[in-house]
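Undergrad: According to the numbering used here, the stretch in the sequence shown is residues 15 to 418, in order.
It is worth saying that the hints were derived from the structure and are not from the lab.
These numbers were taken from a predicted model, which means no experiment stands behind them.
It cannot be assumed that every hint is accurate.
Per label pair, the in silico range of CB-to-CB distance [what the hints assert, rightly or not]:
#	residue 1	residue 2	range
1	T377	I347	14 to 24 Å
2	L363	R314	32 to 42 Å
3	R374	A352	12 to 22 Å
4	H281	T344	21 to 31 Å
5	T344	Q278	21 to 31 Å
6	E135	V67	49 to 59 Å
7	Y126	E16	26 to 36 Å
8	R354	E399	40 to 50 Å
9	F239	E323	50 to 60 Å
10	F239	D82	33 to 43 Å
11	M119	D82	32 to 42 Å
12	R21	K47	36 to 46 Å
13	T291	T405	20 to 30 Å
Straight-line C-alpha distance at most 27 Å; calculated DSS-like pairs for lysine-lysine [stated by the list, open to error]:
#	residue 1	residue 2
14	K394	K368
15	K254	K279
16	K368	K73
Cβ coordinates follow ideal geometry from the N, Cα and C atoms, glycine included.
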Amino acid sequence: SEVQQLRFSNPIIENEFRRALDTLALTHDSQKKAVSLHFAGDGQRKVQVGYVVEAPIWKTSYRMVLADKEKPYLQGWAMVENPTDEDWAGVKMALVSGRPISFKMDLYNPLYINRPTVEPELFASLRPVTYRGGFGKEKEQIDAVATNGAPRNDYAKRQAGGAMPPAAPGFGGGAGPGGRMELAEAQDKSGEARKFAADVGRELGNRINTGTVGNAATAGALGDFFQYTIDHPVTLGRQKSAMLPIVGKEVEGQKVSIYNQNVQKTHPLLGLKFKNTSGAHLNQGPITVFEGSVYAGDTRVLDVQPNEERLVSYAIDLGTEVDPQVGPGTQKITSVKAVRGIVTTKTKLTEEKKYRIINRSQTDRTLLIEHANRTNQQFKIVDTEKPVEDTPDVYRFQVGVKTG
């Protein structure tokens with residue numbers, strides 16, 4: 015008694031019925047759309063179809079191992095996620111670093127241009143006028159008003175022979191002044207409606223101005239990219255993530271202590287000045303630092319290009335203490351000069367800064383002192399050794415500090 019199979023004998027109806035069922039099934043998932051591909055030509059051939067889908071950005075995490083007699087060893091992993099509902103089985107994967115310009119644009123839904131709503135031209139009609147009986151023979155006076163167009167007050171004087179308040183519509187003799195005023199207002203509204211319709215007609219007759227729409231069809235290379243190609247196929251289940259090794263090489267580096275008064279006033283930070291000799295672009299990410307097999311701290315690094323040097327700090331150097339002092343050379347000198355009625359004032363500000371350093375640890379230290387770079391305030395360094403490095407924010411001076 016149960017229907018197990020249904021098939022139409024007419025192949026056209028059978029095809030339309032199956033397409034209707036497929037369309038009905040797609041409506042249950044609003045995120046899925048049906049795409050049909052049509053190929054022209056004769057015969058059968060293989061077709062390869064590629065498409066681009068949105069995916070979360072891949073992230074990086076690093077591990078830096080420090081040793082006394084060996085170069086620092088850098089390991090890096092890429093964290094890849096599969097947020098789709100399909101399993102990745104043996105896929106080829108390439109991870110590209112960079113920041114391409116990308117955006118979303120609705121090309122699926124139809125777009126319409128809003129058009130103005132124009133009302134049809136309306137012609138105001140006269141309001142119905144009521145009349146009452148007259149008091150006597152005033153035909154000549156009424157005719158005079160109609161032919162000469164006398165004003166309202168003049169008409170009242172003609173009727174009463176003196177000053178008299180205007181009569182309300184329907185209560186004055188003849189047409190009455192109220193009826194004439196309403197007729198004038200109706201004619202004014204009719205004139206405004208005709209002017210509005212004429213303005214709209216001229217606006218619709220003008221061509222749409224497209225001169226301000228620029229041509230966006232020029233292509234060019236944007237940004238610098240670096241690609242990590244995974245050597246082996248990747249298998250990753252749906253809604254899963256994985257860590258893929260991308261870097262595992264020794265890099266050039268030197269242990270240093272980094273002092274910045276605005277970061278830590280008393281102690282410098284233990285750090286590493288390394289050069290990216292791995293041959294790969296290092297994406298920004300966290301770095302876990304180990305000294306031998308002992309956890310030393312965490313740090314974070316921004317994007318590092320190949321052969322670029324970078325500083326990282328991962329702990330507080332409790333064995334080294336720095337005491338910043340204001341030197342006696344700090345002074346402010348103001349000079350005033352008057353020549354031919356013009357007064358010129360010149361102010362010279364001199365700041366002297368001294369750093370007293372004590373190394374209580376059991377090893378010598380290489381200390382990098384970061385001093386504020388105030389060239390934007392027209393300050394310049396005088397009577398001081400040249401910094402080993404300068405950035406837009408700080409000067410870096412290198413000092414060797416012996417133990418004790």
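Undergrad: So the hint says 26 to 36 Å: do the beta-carbon atoms of Y126 and E16 match that?
TA: 49 Å, violated
Undergrad: Does the Cβ distance between M119 and D82 fall inside 32 to 42 Å?
TA: Given a distance of about 57 Å, which is not inside 32 to 42 Å, the answer is violated.
Undergrad: Honestly, do E135 and V67 meet the 49 to 59 Å range at C-beta?
TA: Holds: the Cβ-Cβ distance is about 55 Å, inside 49 to 59 Å.
Undergrad: So does L363 sit 32 to 42 Å from R314, Cβ to Cβ?
TA: 36 Å, holds
Undergrad: For the pair we were handed, K394 and K368, check the Cα-Cα distance against 27 Å.
TA: 16 Å, holds
Undergrad: Evaluate the given range 40 to 50 Å for the C-beta pair formed by R354 and E399.
TA: Given range 40 to 50 Å: holds, Cβ gap about 44 Å.
Undergrad: Is K254 close enough to K279, meaning Cα to Cα at most 27 Å?
TA: Violated - the C-alpha atoms of K279 and K254 are around 45 Å apart, more than 27 Å.
Undergrad: Is the hinted range of 21 to 31 Å satisfied by the C-beta distance from H281 to T344?
TA: 25 Å, holds
Undergrad: Given the hint of 36 to 46 Å, check if R21 and K47 actually sit that far apart at their C-beta atoms.
TA: For K47 against R21, whose Cβ atoms are near 28 Å apart, the range 36 to 46 Å is violated.
Undergrad: Can you let me know if the beta-carbon spacing of F239 and D82 is within 33 to 43 Å?
TA: 38 Å, holds
Undergrad: Given the hint of 20 to 30 Å, check if T291 and T405 actually sit that far apart at their C-beta atoms.
TA: 22 Å, holds
Undergrad: Can you let me know if the beta-carbon spacing of T344 and Q278 is within 21 to 31 Å?
TA: 23 Å, holds
Taken one by one, the earlier hints fail for this structure at numbers 1, 3, 7, 9, 11, 12, 15 and 16, listed in ascending order.
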